[in-house]
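A.B. asks: In the order they appear, the protein sequences are chains Z and A.
With the first letter of the first sequence counted as 1, position 71 gets the number 71 in my numbering; the numbers rise by one all the way through.
Start counting at 1 in the second sequence, then tack on 145, and there's your number in my numbering.
Everything labelled a hint here was simulated from the structure, so no lab data went into it.
Please note: incorrect hints may appear among the correct ones.
Said to hold, decoys possible - Label pairs and their in silico Cβ distance ranges:
#, chain 1, residue 1, chain 2, residue 2, range
1, Z, Glu125, A, Gly189, 17 to 23 Å
2, A, Glu200, Z, Gly43, 37 to 43 Å
3, Z, Lys145, A, Gly367, 33 to 39 Å
4, Z, Asn132, A, Gly367, 39 to 45 Å
5, A, Asn536, Z, Asn123, 49 to 55 Å
Backbone N, C-alpha and C define an ideal beta-carbon position, used for all residues, glycine too.
So the chains spell out like this:
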Amino acid sequence: MDTESIIEKFKEEFNSDILEIVTKNQKRVIITIMPDSIINVAGYLYKTAGFRFIIASALHTKRGFEIHYHFSKDAVGLILNIHVILDKNNPQIESLSNMFNASNWIEREMHELFGINFLNHPNQEKLISEGNWAEGVYPLRKEFK
Amino acid sequence: MSKKTLIPIGPYHPLQEEPELFKLYCDGEIVKDIKWETGYNHRGIEKLSESKTYEQIFFLVERICGICSSSHPFAFANAVEEIADIELTNRAKYIRSIIGELERIHSHLLWVGLAGHFLGYNTVFMWAWKYREPVLDLFEMISGNRNSYAMFKVGGVRRDIENSKISVIRQVLGDVKRKTDLLTGAVMDDPVIHARTKGVGILTRQDIIDYAAVGPTARASGLAIDVRKDDPYAAYPLVNWKVITAQAGDVFAKAEVRLLEMYESISIIEQCLEGLKKEKEGDIAVKIKEIPEGIGNGRAEAPRGEVFHFVQSDGSNSPVRHKIRAPSYVNIATFKKSCIGQTIADATISLAAVDPCYCCTERMAAAYDSNSGDKIMNANELINASVKRTNEIKKTINSQL
Numbered sequence: 001m002d003t004e005s006i007i008e009k010f011k012e013e014f015n016s017d018i019l020e021i022v023t024k025n026q027k028r029v030i031i032t033i034m035p036d037s038i039i040n041v042a043g044y045l046y047k048t049a050g051f052r053f054i055i056a057s058a059l060h061t062k063r064g065f066e067i068h069y070h071f072s073k074d075a076v077g078l079i080l081n082i083h084v085i086l087d088k089n090n091p092q093i094e095s096l097s098n099m100f101n102a103s104n105w106i107e108r109e110m111h112e113l114f115g116i117n118f119l120n121h122p123n124q125e126k127l128i129s130e131g132n133w134a135e136g137v138y139p140l141r142k143e144f145k
Numbered sequence: 146m147s148k149k150t151l152i153p154i155g156p157y158h159p160l161q162e163e164p165e166l167f168k169l170y171c172d173g174e175i176v177k178d179i180k181w182e183t184g185y186n187h188r189g190i191e192k193l194s195e196s197k198t199y200e201q202i203f204f205l206v207e208r209i210c211g212i213c214s215s216s217h218p219f220a221f222a223n224a225v226e227e228i229a230d231i232e233l234t235n236r237a238k239y240i241r242s243i244i245g246e247l248e249r250i251h252s253h254l255l256w257v258g259l260a261g262h263f264l265g266y267n268t269v270f271m272w273a274w275k276y277r278e279p280v281l282d283l284f285e286m287i288s289g290n291r292n293s294y295a296m297f298k299v300g301g302v303r304r305d306i307e308n309s310k311i312s313v314i315r316q317v318l319g320d321v322k323r324k325t326d327l328l329t330g331a332v333m334d335d336p337v338i339h340a341r342t343k344g345v346g347i348l349t350r351q352d353i354i355d356y357a358a359v360g361p362t363a364r365a366s367g368l369a370i371d372v373r374k375d376d377p378y379a380a381y382p383l384v385n386w387k388v389i390t391a392q393a394g395d396v397f398a399k400a401e402v403r404l405l406e407m408y409e410s411i412s413i414i415e416q417c418l419e420g421l422k423k424e425k426e427g428d429i430a431v432k433i434k435e436i437p438e439g440i441g442n443g444r445a446e447a448p449r450g451e452v453f454h455f456v457q458s459d460g461s462n463s464p465v466r467h468k469i470r471a472p473s474y475v476n477i478a479t480f481k482k483s484c485i486g487q488t489i490a491d492a493t494i495s496l497a498a499v500d501p502c503y504c505c506t507e508r509m510a511a512a513y514d515s516n517s518g519d520k521i522m523n524a525n526e527l528i529n530a531s532v533k534r535t536n537e538i539k540k541t542i543n544s545q546l
């Protein structure tokens, strides 16, 4: 299965949830989706389409908080970035850690460094600075110097 | 209720990008649960990277890991070159792959040595580390440094490998190959090593998918994932080689994958050296004007697995976001699967099997009684427990002969 048919299939499956698709080349595709649909999208990629979860990268931008969930389809060398934009004042999104363990640590890390809340995370404790960092100070936010 | 003993391993790993503290909860000899804490050596590299220029970041990410110091610059270069849409010269591609593969050889030799040490085979430890030395000497000849080679930059490499050096590299590789034969023979045929590592610390295919583990850890469980093959970069599409896999998922399978991978690495380097001869000397980099706005997903296959770098550029001379994921970040989490139900003696080698930077662990590992807080085992005693077990197996096997 090549990249185009993978993306076509994805479009059929989640037509109403897709905000934007950017195809840089056959190996790099960025799809912006509605944050509410992340569980369905990740579930489809992981369980049905055979994608591997690489990691997630959070960003703090003018638009608010953004997360790129990086998924890899190793058979075709495709990295699919599932991109969500979260609310500026109350960034939160469903956790994927009940689906696969791979996202457990990175969600804790994003919670700690960006203050993004992961709903229904099995154990959203601090990952890096357990007990020795001030509450409510998020070092990877842009205002932190 | 049975009394559980808490055995912490860690926390101080100053040489590793992921220092961690493992708490082993044991009931008698058996590990019942494992918890981990990370971040003891968090250096804020992602934040720091936002304040540096693209040229400077290569030196920063090179210092994330001491053992595989070229894999992070490799992935970062791939990410930035994807944003700027840069095509390298063939000579630069070959040189990058040579550096990457030499590093794989010395990193795997290091692991074999450490694994031998944990099993009580100090001869294997001394052999492997002795055979590793000539590879480091090669790095010194090529880059001027035995480690942290500073070879990478956007658009190519900083130093050429002159054609006059090719024969020296060939000669050293020939030596390394002969020594690897010796080592592989000694490890693969030893009944005691079989008894200590087969069926120990098993990770199933499903465990690997669930934890998204990468590198030799994944390949030893039957998943043929390798960035060099799946998403080819540098000179890997220009040479012939195969992805080594094993099916068992135990410690032995991981050792087997690493040992056999060294032969593939040697073969890749030899083909790259052949390729170098056909390219013009000094043609090692293309000129870069600026890095445009955009997103780059760069990855490279480090000795321990896939290194992933996410870079977002706004068109200025430094990134607005740089996310780094080292392979151990996902591999370490599999301990929850590989160690629970094992004995303490086997947990030592199961923890070492995914090749975290383990050399500092032994100094700090200690066992505590969870009720009284009394220290009941120290680092050496933990290793001795492992060595004792090897000796028992040796005795049994010898008596059967």
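A.B. asks: Now tell me if each hint is right for this structure.
C.D. replies: Here is how each hint holds up against the structure:
1. Z/Glu125 to A/Gly189: 17 to 23 Å: Distance hint for Z/Glu125, A/Gly189 holds at roughly 20 Å.
2. A/Glu200 to Z/Gly43: 37 to 43 Å: The hinted range 37 to 43 Å holds for A/Glu200 and Z/Gly43, with Cβ atoms some 42 Å apart.
3. Z/Lys145 to A/Gly367: 33 to 39 Å: Between Z/Lys145 and A/Gly367, where Cβ atoms are some 48 Å apart, the hint is violated.
4. Z/Asn132 to A/Gly367: 39 to 45 Å: At roughly 41 Å between Cβ atoms, A/Gly367 and Z/Asn132 fall inside 39 to 45 Å, so the hint holds.
5. A/Asn536 to Z/Asn123: 49 to 55 Å: At roughly 40 Å between Cβ atoms, Z/Asn123 and A/Asn536 fall outside 49 to 55 Å, so the hint is violated.
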